[in-house]
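Here the protein sequences come in this chain order: Z and B. Using our numbering, read the first sequence as starting at 4 and increasing by one per residue. Using our numbering, read the second sequence as starting at 206 and increasing by one per residue.
One or more of the hints may lead you astray.
Pairs of lysine-lysine residues, derived as DSS-like cross-links and limited to a Cα-Cα distance of at most 25 Å, are as follows [said to hold, decoys possible]: (1) Z:Lys75 to B:Lys215; (2) B:Lys267 to B:Lys215; (3) B:Lys215 to B:Lys229; (4) Z:Lys104 to Z:Lys168; (5) Z:Lys110 to Z:Lys168; (6) B:Lys233 to B:Lys214; (7) Z:Lys31 to Z:Lys104; (8) Z:Lys110 to Z:Lys31; (9) B:Lys215 to Z:Lys168; (10) Z:Lys132 to B:Lys233; (11) Z:Lys202 to B:Lys214.
Negatives, chain Z to chain B, calculated, CB over 10 Å [stated by the list, open to error]: (12) Gly33; (13) Met131; (14) Leu174.
Using C-beta positions, here's what the derived DEER-type ranges look like [what the hints assert, rightly or not]: (15) Z:Lys104 to B:Met250: 40 to 46 Å; (16) B:His220 to Z:Phe120: 45 to 51 Å; (17) Z:Asp97 to B:Leu243: 37 to 43 Å; (18) Z:Ile249 to B:Leu243: 40 to 46 Å; (19) B:Gly239 to Z:Thr148: 19 to 25 Å; (20) B:Ile235 to Z:Arg42: 46 to 52 Å; (21) B:Lys267 to Z:Met4: 20 to 26 Å; (22) Z:Pro192 to B:Ser242: 42 to 48 Å; (23) B:Glu253 to Z:Ala82: 37 to 43 Å.
Hints were generated in silico from the structure; no laboratory data involved. Ideal placement from N, C-alpha and C gives every residue a C-beta, glycine not left out.
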Amino acid sequence: MFDLTGKAALVTGASGGIGGAIARALHKQGATVTLSGTRAEALEELKASLGDRAHVVAARMDDPADIDRLAKEAEAVMAGKLDILVNNAGITRDNLSMRMKDEEWDKVLQVNLTGTFRLTRATMRGMMKRRFGRVINITSIVGVTGNPGQANYAAAKAGLIGMSKSLAQELASRGITVNCLAPGFIATPMTDVLTDDQKKAILGRVPADRLGTPEEIAAGVVYLASDEAAYVTGQTLHINGGMAMI
Amino acid sequence: MSDIAERVKKIVVEHLGVEAAQVKEEAKFIDDLGADSLDTVELVMAFEEEFGIEIPDDAAEKIQTVGDAIGFIKGTAKS
């Protein structure tokens, strides 16, 4: 089950903790992967550790021309096709709303939501023609529950869920599924910056009483990317240790 | 130029899975040939590839019949 041999996958934000784990898991299941992100050096390191069937196309998700180039180059390096798109790239610019600057709001929406839409649109054509596609958008628990200090991030992540449901309805008849995966608190560089007190407070709300691992998120992506998940579309898979049960 | 009409009709037959006899110039993609809105987008994409042209969105919206498509493509090919 969940064999991805012969499939071509693009993972954005692959230089991050969760993105790297997703790329490794898809690769392990047999997929060819293209790693994207802004830190070319980290991407090259990951590529080297994967060996065959791995490519790097660095790109900025806040630059429309760069996103179109990414879509074209990813298809080109993977023998002209793209079956699995994992929109994982995301940034945070946390601030209480009273103090949040327009730039902080705009940047997060631009990268996390608009960039994801643009890349998905740019890759959709090939998937429609081939009558197969898996789009997996990495959203967040805070897109459903909200989080103080993250009005911008929560809005972008909630936006991904609505966008995915719309795309899912547009594309279902073409063999393309569009789903979201919503991680809870996962041990990554993004959550490493939290203080011990903050972590303790978070864990008090997690029935599993621990942070999740990037590998546990990656396993969910592998499922949604598989042939076996063909009848799952427009859904949000929550992987959060029971932190929110929705 | 009849070549263009034949190529357009062939694409429509293949894409929509309809009989060639149904694909008359006055046939509407959605009302007569059972296309949905996504089919019309895909047909436009297929025409663009077949003829190496670009069909802008506002022009694509006006292409409702097989004849519209043939007419637009002939016009583009001339210019």
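Here's how the hints hold up against the structure:
1. Our distance criterion of 25 Å between C-alpha atoms is broken by Lys75 (chain Z) and Lys215 (chain B), whose separation comes to about 28 Å.
2. Taking the CA atoms of Lys267 (chain B) and Lys215 (chain B), the gap is about 20 Å. The hint holds against a cut of 25 Å.
3. Simply put, Lys215 (chain B) and Lys229 (chain B) have alpha-carbon atoms about 12 Å apart, close enough for the 25 Å limit, and the pair holds.
4. As the CA atoms of Lys104 (chain Z) and Lys168 (chain Z) are separated by approximately 30 Å, the hinted pair breaks the 25 Å bound.
5. Of the pairs offered as hints, the one joining Lys110 (chain Z) and Lys168 (chain Z) holds, with about 23 Å between alpha carbons and a cut-off of 25 Å not exceeded.
6. For the hint linking Lys233 (chain B) to Lys214 (chain B), the alpha-carbon distance of about 12 Å falls within 25 Å, and the restraint holds.
7. With a C-alpha separation of about 42 Å, the suggested pairing of Lys31 (chain Z) with Lys104 (chain Z) is violated against the 25 Å cut-off.
8. Proximity of Lys110 (chain Z) to Lys31 (chain Z) is assessed by CA-CA distance (about 34 Å); at most 25 Å being required, the pair is judged violated.
9. Pair hint Lys215 (chain B) plus Lys168 (chain Z) does not hold up; C-alpha atoms about 34 Å apart against a cutoff of 25 Å.
10. Straight-line distance between C-alpha atoms of Lys132 (chain Z) and Lys233 (chain B) comes to about 22 Å, which keeps the hinted pair within the 25 Å bound.
11. A threshold of 25 Å between alpha carbons decides the hint, and for Lys202 (chain Z) with Lys214 (chain B) the separation of about 64 Å lies outside it, so the pair is violated.
12. Every CB of chain B lies more than 10 Å from the CB of Gly33 (chain Z), the least distance being 29 Å, so the non-interface label holds.
13. Its beta-carbon lying about 6 Å from the closest one in chain B, Met131 (chain Z) breaks the requirement of being farther than 10 Å from that chain.
14. Its beta-carbon lying about 8 Å from the closest one in chain B, Leu174 (chain Z) breaks the requirement of being farther than 10 Å from that chain.
15. With their beta carbons about 41 Å apart, Lys104 (chain Z) and Met250 (chain B) fall inside the hinted range of 40 to 46 Å.
16. Range check, His220 (chain B) to Phe120 (chain Z): about 26 Å between beta-carbon atoms, so the 45 to 51 Å window is missed.
17. At about 39 Å, the CB distance of Asp97 (chain Z) to Leu243 (chain B) agrees with the hint of 37 to 43 Å.
18. For Ile249 (chain Z) and Leu243 (chain B), the Cβ-Cβ distance of about 30 Å falls outside the hinted range of 40 to 46 Å, so the restraint is violated.
19. Distance hint for Gly239 (chain B) and Thr148 (chain Z): a CB-CB separation of about 44 Å, inconsistent with the stated range 19 to 25 Å.
20. Our hint of 46 to 52 Å for Ile235 (chain B) and Arg42 (chain Z) holds, since their Cβ atoms are close to 47 Å apart.
21. Remark: the range hint 20 to 26 Å for Lys267 (chain B) to Met4 (chain Z) is contradicted by a beta-carbon distance near 48 Å.
22. Separated by about 43 Å at the C-beta atoms, Pro192 (chain Z) and Ser242 (chain B) satisfy the suggested range of 42 to 48 Å.
23. For the pair Glu253 (chain B) and Ala82 (chain Z), the supplied restraint of 37 to 43 Å is violated, since their beta-carbon distance comes to about 22 Å.
Comparing the model with each earlier hint shows violations of hints 1, 4, 7, 8, 9, 11, 13, 14, 16, 18, 19, 21, 23; every other hint is respected.
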